[in-house]
Structure formats: structure tokens, C-alpha cells
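Produce the entire structure from the sequences given, and follow the hints as far as they go.
Chains A and B, in that order, are what the protein sequence lines are. Offset between the first sequence (1-based) and my numbering: plus 1416. Residue 21 in my numbering sits at position 25 of the second sequence, and the numbers go up by one each step.
For the record, the hints were derived by calculation from the structure and aren't laboratory data. The hints are all genuine.
DSSO-like, lysine-lysine: derived pairs with alpha carbons at most 30 Å apart:
| # | chain 1 | residue 1 | chain 2 | residue 2 |
| --- | --- | --- | --- | --- |
| 1 | B | Lys38 | A | Lys1484 |
| 2 | B | Lys10 | A | Lys1458 |
| 3 | B | Lys37 | A | Lys1487 |
| 4 | A | Lys1484 | B | Lys37 |
Just so you know, these numbers come straight off a predicted model, no measurement behind them.
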Amino acid sequence: GESVGLHLPTLSVQEGDNSIINCAYSNSASDYFIWYKQESGKGPQFIIDIRSNMDKRQGQRVTVLLNKTVKHLSLQIAATQPGDSAVYFCAENLSGYSTLTFGKGTMLLVSP
Amino acid sequence: GAVVSQHPSRVICKSGTSVKIECRSLDFQATTMFWYRQFPKKSLMLMATSNEGSKATYEQGVEKDKFLINHASLTLSTLTVTSAHPEDSSFYICSARSYQGNYGYTFGSGTRLTVV
Chain A
1417 GESVGLHLPT LSVQEGDNSI INCAYSNSAS DYFIWYKQES GKGPQFIIDI
1467 RSNMDKRQGQ RVTVLLNKTV KHLSLQIAAT QPGDSAVYFC AENLSGYSTL
1517 TFGKGTMLLV SP
Chain B
-3 GAVVSQHPSR VICKSGTSVK IECRSLDFQA TTMFWYRQFP KKSLMLMATS
47 NEGSKATYEQ GVEKDKFLIN HASLTLSTLT VTSAHPEDSS FYICSARSYQ
97 GNYGYTFGSG TRLTVV
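Given below as C-alpha cells:
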């Protein structure tokens, strides 16, 4: 299940389950979104991106859904594996501006 | 694919000394580089944005005299933490942006700075 509190929100799943990680973004004008995976002590690693003219985009085992009406982004990971254990961040960008704004992050823990 | 090399990965320094962190784009020219700071179990906080050959743009609350950023070439940016104090201990991450059919952001592997 998912826990939210003073610490980083954590999602605990069993190996083989499908995982859904959610993100509420801040700027309704943002038009480019990226999901990153960060393992302990490492830099963020690109997973998948989506532009605001799309609602859904699929990659290998991952799907990103975008709901602009409620400023919500989700990352679905199919058949979650222990190697998927990491912190996942969404990031948003507005065309014409170079900066990315990161969300708070969710820790995904996958049990064998 | 685009690769960003960040060095060193870990550094320990004494209070009052300065530390330089390098960020290199290995196989592309980075029009813009970014420096982030990350505290444990927290998100990435943008410190500054730098474009090659011009002064960095610092985010509100980031001391530009404390965190010196140099972006002298399209493949190298450096962050120097001057007169470091224990509260500067953190994980610093650089990112580089380039146009490769689409603007992509590539991150370095981060630098763990510990000031003792």
C-alpha cells in the first residue's frame, strides 16, 4: 500500500504486481512532463516523457498517463521487479523555459 | 545516448575550504547546464541555471558568492562551494540540456559533499 506523511511517500508492492505512482504537478501551463527514477546515491535516470498534447504514452513495461484537467500525472510499471525499487520523481517543464520543476517523489519498494 | 559525467562522486573537506565539482557532457554540446541540491529523502532543488559564456542565473535564496558557477565551454560547467560549512553538506547533481531532435535533459551521477 501507499503511505504519505512527513517522510517520502512510499509504495510497497510484491514482485510481479503492477505499480502506479502518482504525481500532482503545479503549473497548469506546463506542457512537457518527465518521469525519473533515482537509485540511492545516484543521479536521476530518464524513464519516459509525455507532452501535453497526449494523454497516454507507453514504453517498455511503463506507461505514463496525463490528466491536464486535474494536473495529474501517473506512472504505471507493469510486472514490477526488485530492480525497480527506487525513488520516482515527476518533473514538469514549460515550453520556452529551460528549467524543470521536480515533484516531491515517491519511494517504490518491491518485495521478492 | 547523451552522457553527463560528474566528478568527484564523493568529497570530504574541512570547514572553511573550497570544493570544486565538475560536470561534463561527454558526447554532446550542452547549451544549458543546471545545478541541483538534494537533501536526504527530498526532491531535487534547482540552485542555478547556466548558459555557456554567460553568468549563471541563481534561484531565489541561493547565494551566488557561496556557490560559484562557471560554464566556460559547451561541455563543461563547474560548481565551486566556497568557504564550506557543515550545513553545505549535501548531494549535488548537475544536468545538461541539449537539442537532439528534442530538448533532452541528462543528469550526472551526483556528488556527495561532506564538510567536517
